[in-house]
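S.K.: Construct all of the structure, not just a fragment, from the sequences and the given hints.
2 protein chains.
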Amino acid sequence: MVVIGAGFAGLSAARELARAGKKVALLEARDRIGGRTISEDIGGTEFCLGAQWIGANQHRMAALADEYGFERFPTWTTGTKTLELKGNVSTYESDIPSLPWLHLLELQLTMWRIDRHVDLVPVDHPIKSPYSDEWEEITVAAWERRNIRSRRVRGLIDSMVRIVFGMEPSELSLLRFLAYMRSGGGLNSVVEAENGAQQWRVVGGTQAIAQKMADELGKSLFLSTPVRSIEYTDKRVRVFSDELSWTAKKCIVAIPPHLAGKIDYSPPVPALRDQLTQRFPMGQTAKVVTTYERPFWRHKGFSGEVVCDGAPITIVYDNTTKDGVPALLSFVVGDNARRWGAMPAEARRMQILESLGRWFGPEAKKPVAYGEKDWGNDPWAGGCPTASPTPGTMTVAWEALRKPVGPIHWAGTETAVEWTGYMEGAVQSGERAAREVLSS
Amino acid sequence: MVVIGAGFAGLSAARELARAGKKVALLEARDRIGGRTISEDIGGTEFCLGAQWIGANQHRMAALADEYGFERFPTWTTGTKTLELKGNVSTYESDIPSLPWLHLLELQLTMWRIDRHVDLVPVDHPIKSPYSDEWEEITVAAWERRNIRSRRVRGLIDSMVRIVFGMEPSELSLLRFLAYMRSGGGLNSVVEAENGAQQWRVVGGTQAIAQKMADELGKSLFLSTPVRSIEYTDKRVRVFSDELSWTAKKCIVAIPPHLAGKIDYSPPVPALRDQLTQRFPMGQTAKVVTTYERPFWRHKGFSGEVVCDGAPITIVYDNTTKDGVPALLSFVVGDNARRWGAMPAEARRMQILESLGRWFGPEAKKPVAYGEKDWGNDPWAGGCPTASPTPGTMTVAWEALRKPVGPIHWAGTETAVEWTGYMEGAVQSGERAAREVLSS
Numbered sequence: 000m001v002v003i004g005a006g007f008a009g010l011s012a013a014r015e016l017a018r019a020g021k022k023v024a025l026l027e028a029r030d031r032i033g034g035r036t037i038s039e040d041i042g043g044t045e046f047c048l049g050a051q052w053i054g055a056n057q058h059r060m061a062a063l064a065d066e067y068g069f070e071r072f073p074t075w076t077t078g079t080k081t082l083e084l085k086g087n088v089s090t091y092e093s094d095i096p097s098l099p100w101l102h103l104l105e106l107q108l109t110m111w112r113i114d115r116h117v118d119l120v121p122v123d124h125p126i127k128s129p130y131s132d133e134w135e136e137i138t139v140a141a142w143e144r145r146n147i148r149s150r151r152v153r154g155l156i157d158s159m160v161r162i163v164f165g166m167e168p169s170e171l172s173l174l175r176f177l178a179y180m181r182s183g184g185g186l187n188s189v190v191e192a193e194n195g196a197q198q199w200r201v202v203g204g205t206q207a208i209a210q211k212m213a214d215e216l217g218k219s220l221f222l223s224t225p226v227r228s229i230e231y232t233d234k235r236v237r238v239f240s241d242e243l244s245w246t247a248k249k250c251i252v253a254i255p256p257h258l259a260g261k262i263d264y265s266p267p268v269p270a271l272r273d274q275l276t277q278r279f280p281m282g283q284t285a286k287v288v289t290t291y292e293r294p295f296w297r298h299k300g301f302s303g304e305v306v307c308d309g310a311p312i313t314i315v316y317d318n319t320t321k322d323g324v325p326a327l328l329s330f331v332v333g334d335n336a337r338r339w340g341a342m343p344a345e346a347r348r349m350q351i352l353e354s355l356g357r358w359f360g361p362e363a364k365k366p367v368a369y370g371e372k373d374w375g376n377d378p379w380a381g382g383c384p385t386a387s388p389t390p391g392t393m394t395v396a397w398e399a400l401r402k403p404v405g406p407i408h409w410a411g412t413e414t415a416v417e418w419t420g421y422m423e424g425a426v427q428s429g430e431r432a433a434r435e436v437l438s439s
Numbered sequence: 000m001v002v003i004g005a006g007f008a009g010l011s012a013a014r015e016l017a018r019a020g021k022k023v024a025l026l027e028a029r030d031r032i033g034g035r036t037i038s039e040d041i042g043g044t045e046f047c048l049g050a051q052w053i054g055a056n057q058h059r060m061a062a063l064a065d066e067y068g069f070e071r072f073p074t075w076t077t078g079t080k081t082l083e084l085k086g087n088v089s090t091y092e093s094d095i096p097s098l099p100w101l102h103l104l105e106l107q108l109t110m111w112r113i114d115r116h117v118d119l120v121p122v123d124h125p126i127k128s129p130y131s132d133e134w135e136e137i138t139v140a141a142w143e144r145r146n147i148r149s150r151r152v153r154g155l156i157d158s159m160v161r162i163v164f165g166m167e168p169s170e171l172s173l174l175r176f177l178a179y180m181r182s183g184g185g186l187n188s189v190v191e192a193e194n195g196a197q198q199w200r201v202v203g204g205t206q207a208i209a210q211k212m213a214d215e216l217g218k219s220l221f222l223s224t225p226v227r228s229i230e231y232t233d234k235r236v237r238v239f240s241d242e243l244s245w246t247a248k249k250c251i252v253a254i255p256p257h258l259a260g261k262i263d264y265s266p267p268v269p270a271l272r273d274q275l276t277q278r279f280p281m282g283q284t285a286k287v288v289t290t291y292e293r294p295f296w297r298h299k300g301f302s303g304e305v306v307c308d309g310a311p312i313t314i315v316y317d318n319t320t321k322d323g324v325p326a327l328l329s330f331v332v333g334d335n336a337r338r339w340g341a342m343p344a345e346a347r348r349m350q351i352l353e354s355l356g357r358w359f360g361p362e363a364k365k366p367v368a369y370g371e372k373d374w375g376n377d378p379w380a381g382g383c384p385t386a387s388p389t390p391g392t393m394t395v396a397w398e399a400l401r402k403p404v405g406p407i408h409w410a411g412t413e414t415a416v417e418w419t420g421y422m423e424g425a426v427q428s429g430e431r432a433a434r435e436v437l438s439s
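Residue numbers (numbering that gives the first Met the number 0), protein chains in the order written: chain G, 0 to 439; chain X, 0 to 439.
Keep in mind the hints are simulated off the structure, nothing from the lab.
One thing to keep in mind: the hints can contain errors.
Each pair may be met inside one copy or between any two copies, as identical chains are not told apart.
Below, computed lysine-lysine pairings styled on BS3-like, alpha-carbon distance capped at 27 Å [said to hold, decoys possible]:
(1) Lys321 <-> Lys22
(2) Lys402 <-> Lys372
(3) Lys127 <-> Lys364
(4) Lys85 <-> Lys248
(5) Lys365 <-> Lys261
(6) Lys85 <-> Lys127
M.R.: Laid out in structure tokens, this is it:
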């Protein structure tokens with residue numbers, strides 16, 4: 000068996016196959032494993048500059064962390080939160096954002112409406128929701144424009160969309176938005192830290208979990224081995240990298256859809272599959288970690304959490320390590336990431352520190368260390384955190400997402416039913432693809 | 000200089016460079032030239048199974064046809080037209096579709112409204128239109144749902160969108176739709192045969208014009224030479240195919256955006272460019288030509304033109320050759336093409352003939368010859384007639400469309416300002432890219 004891509008999806012698939020006694024070759028284009036997870040040294044401390052959280056209800060990732068002995072600890076959320084909408088900065092203590100009460104009412108109504116819509120989307124077949132045509136033809140931005148009067152509430156929902164998808168609300172259909180929330184257990188489950196997707200962090204970083212999985216595979220793993228083409232019949236598949244090739248009964252392609260679309264297939268994949276991978280772009284996300292002498296924001300009573308609908312930062316979290324290296328984590332996402340990423344390094348850094356200074360005071364502008372990762376510049380990701388089908392695509396080409404093409408099976412978090420877009424979804428997809436291959 | 004892609008864009012660019020005395024290598028992935036134009040033998044007669052018309056205002060293509068001595072003749076439009084909306088078949092003689100007068104009024108109002116919107120879109124910078132944010136966040140389908148009450152009128156507009164873009168109205172933003180119409184001189188100019196984009200046909204076929212351009216280039220043309228990777232500095236570019244490579248000062252990539260995105264660039268192209276090519280899928284179009292003993296529809300008073308909002312055919316034209324081989328041309332587009340294309344050959348043929356029989360009588364079901372080309376199955380096109388940016392993309396990444404990356408310049412009909420999506424736009428883009436390269 001050949002598995003392509005050594006992110007959590009490919010590693011999970013390869014691990015399942017190896018544990019079932021199959022001979023596996025796991026081919027990875029980069030010179031490292033981990034896909035959209037990566038640990039980097041910032042001022043002498045390792046930080047996750049890709050996917051870093053294990054959600055409260057992400058039992059597969061929790062089990063992997065436990066199995067390999069990784070300690071988890073909760074994301075820090077204690078203290079005052081900051082909100083900047085349309086240039087107005089406010090702070091609040093509870094879970095209820097600091098908005099005028101009429102706006103708050105509209106926010107509550109909007110969240111409630113989204114949740115009711117989410118409930119109508121079947122988790123395994125989102126296109127079978129009763130309003131799928133209508134929801135697929137309207138973008139989230141157009142839906143907001145029609146349903147939300149308050150500019151601030153709209154700014155808050157915009158920010159949420161950008162953080163979760165790395166895309167602008169104009170790039171996503173309402174159906175995609177709802178289906179994604181459904182896959183993650185609902186709106187609150189996706190956006191919250193406590194009891195939500197950002198619940199746990201991992202001592203040692205998430206890439207280290209991937210490394211443990213890779214270690215199990217030993218010599219079956221081939222790094223710096225980008226797959227260029229795949230020749231296949233019903234019974235056999237031959238996978239070509241630049242110098243080597245592998246022949247197998249089955250292969251699992253565990254990379255993002257648009258990268259799967261770059262492989263040269265012979266014979267060509269069915270038109271519907273090609274049309275799908277043409278319509279599945281990555282969001283855009285950059286992560287910035289700043290470390291400090293002391294967690295001065297905590298001393299001032301701040302949790303470190305900021306949500307902002309301006310530029311460049313959309314959300315900030317306290318990112319202090321388990322052993323106490325004080326750090327903030329800033330996300331630059333969607334259109335902001337595209338603009339910010341195109342600026343010179345010094346200007347990027349200055350913009351980040353200016354924003355942090357505005358929210359947390361002058362100390363924030365003097366980090367001990369500064370580290371960033373712009374996933375848009377990584378051609379083996381093409382962006383982050385997840386790829387999303389473009390408006391109209393789900394009703395038209397969704398059936399090609401997981402449908403095997405001869406001996407070629409498809410994995411990757413974008414193909415997941417549960418927690419698509421997350422490490423959890425990657426694992427779910429890899430295990431599902433491995434089962435498909437083993438049972439056929 | 001290296002030019003990649005021997006469709007009309009690449010041929011035009013290479014021809015300009017060669018005529019300016021430059022040494023050129025024109026690299027083509029397929030074993031033929033012509034891109035999305037192709038002539039095929041159907042029952043002993045050559046028919047265009049790709050782009051076939053030269054529009055009334057497409058002076059570059061007209062000049063090329065004239066220069067190489069190709070005779071043009073007008074598309075046959077004389078006689079009764081047929082309309083099938085929501086299952087109701089009707090016929091009409093004039094230019095005014097056979098609809099109840101209230102629906103007609105709404106159709107006129109809708110066309111008028113679209114035209115007024117089109118006027119507000121600057122032809123060279125569509126994102127500078129005064130409502131670009133609002134128009135980019137709404138899909139054509141959502142705009143229709145909001146602005147059109149009559150199901151039949153909506154069906155007619157849907158059909159028009161499918162024919163022109165090969166996409167469903169839910170896949171396109173209103174801004175993309177308007178900008179495309181603007182680029183083609185307005186709604187009527189794009190959709191009409193007489194005085195519009197479907198005005199002229201070419202004796203010998205359009206691919207033969209491309210062949211004449213290729214002949215000028217002689218040994219500079221390399222067929223069956225897919226470009227896999229491009230290495231570049233500010234001053235130099237090295238282009239790699241499977242076995243050969245070329246070094247040059249400049250290169251012009253004259254292929255559809257999503258295929259340009261499949262090339263491995265070193266260093267990687269800027270994130271914004273990569274994000275753009277991820278968001279630029281092809282429409283889906285199949286063309287079916289049926290030839291007959293005699294043009295029986297003309298004898299019955301039909302022009303041969305049908306517009307239908309059902310499946311599988313969306314539009315039919317009389318396609319009789321200049322020397323009188325009677326033929327009909329059926330388009331299967333958008334979602335219909337995806338479904339129809341996935342069926343076995345016999346079922347495809349039967350569905351086409353059933354529909355033609357319904358409109359023109361039993362004789363239509365007994366063609367002398369039947370030929371089809373499903374562009375979704377051609378991996379070097381990935382669909383037809385044109386690629387379109389997905390909703391949200393224009394406001395976010397449009398500036399990367401024509402912006403050179405070091406020594407790499409971009410052509411292809413999708414980059415055209417005038418008649419984007421047509422052969423005319425391909426030529427315009429190729430000439431523009433050649434000028435860029437020559438003047439730098």
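S.K.: For every hint, state whether the structure bears it out.
M.R.: Evaluated hints:
1. Lys321 <-> Lys22: neither (39 Å within a copy, 62 Å between copies)
2. Lys402 <-> Lys372: between (34 Å within a copy, 25 Å between copies)
3. Lys127 <-> Lys364: neither (50 Å within a copy, 36 Å between copies)
4. Lys85 <-> Lys248: neither (56 Å within a copy, 47 Å between copies)
5. Lys365 <-> Lys261: neither (43 Å within a copy, 42 Å between copies)
6. Lys85 <-> Lys127: Intra 37 Å, inter 23 Å, cutoff 27 Å: inter-copy only.
Checked against the numbered hints given earlier, the structure breaks hints 1, 3, 4, 5 and satisfies all the rest.
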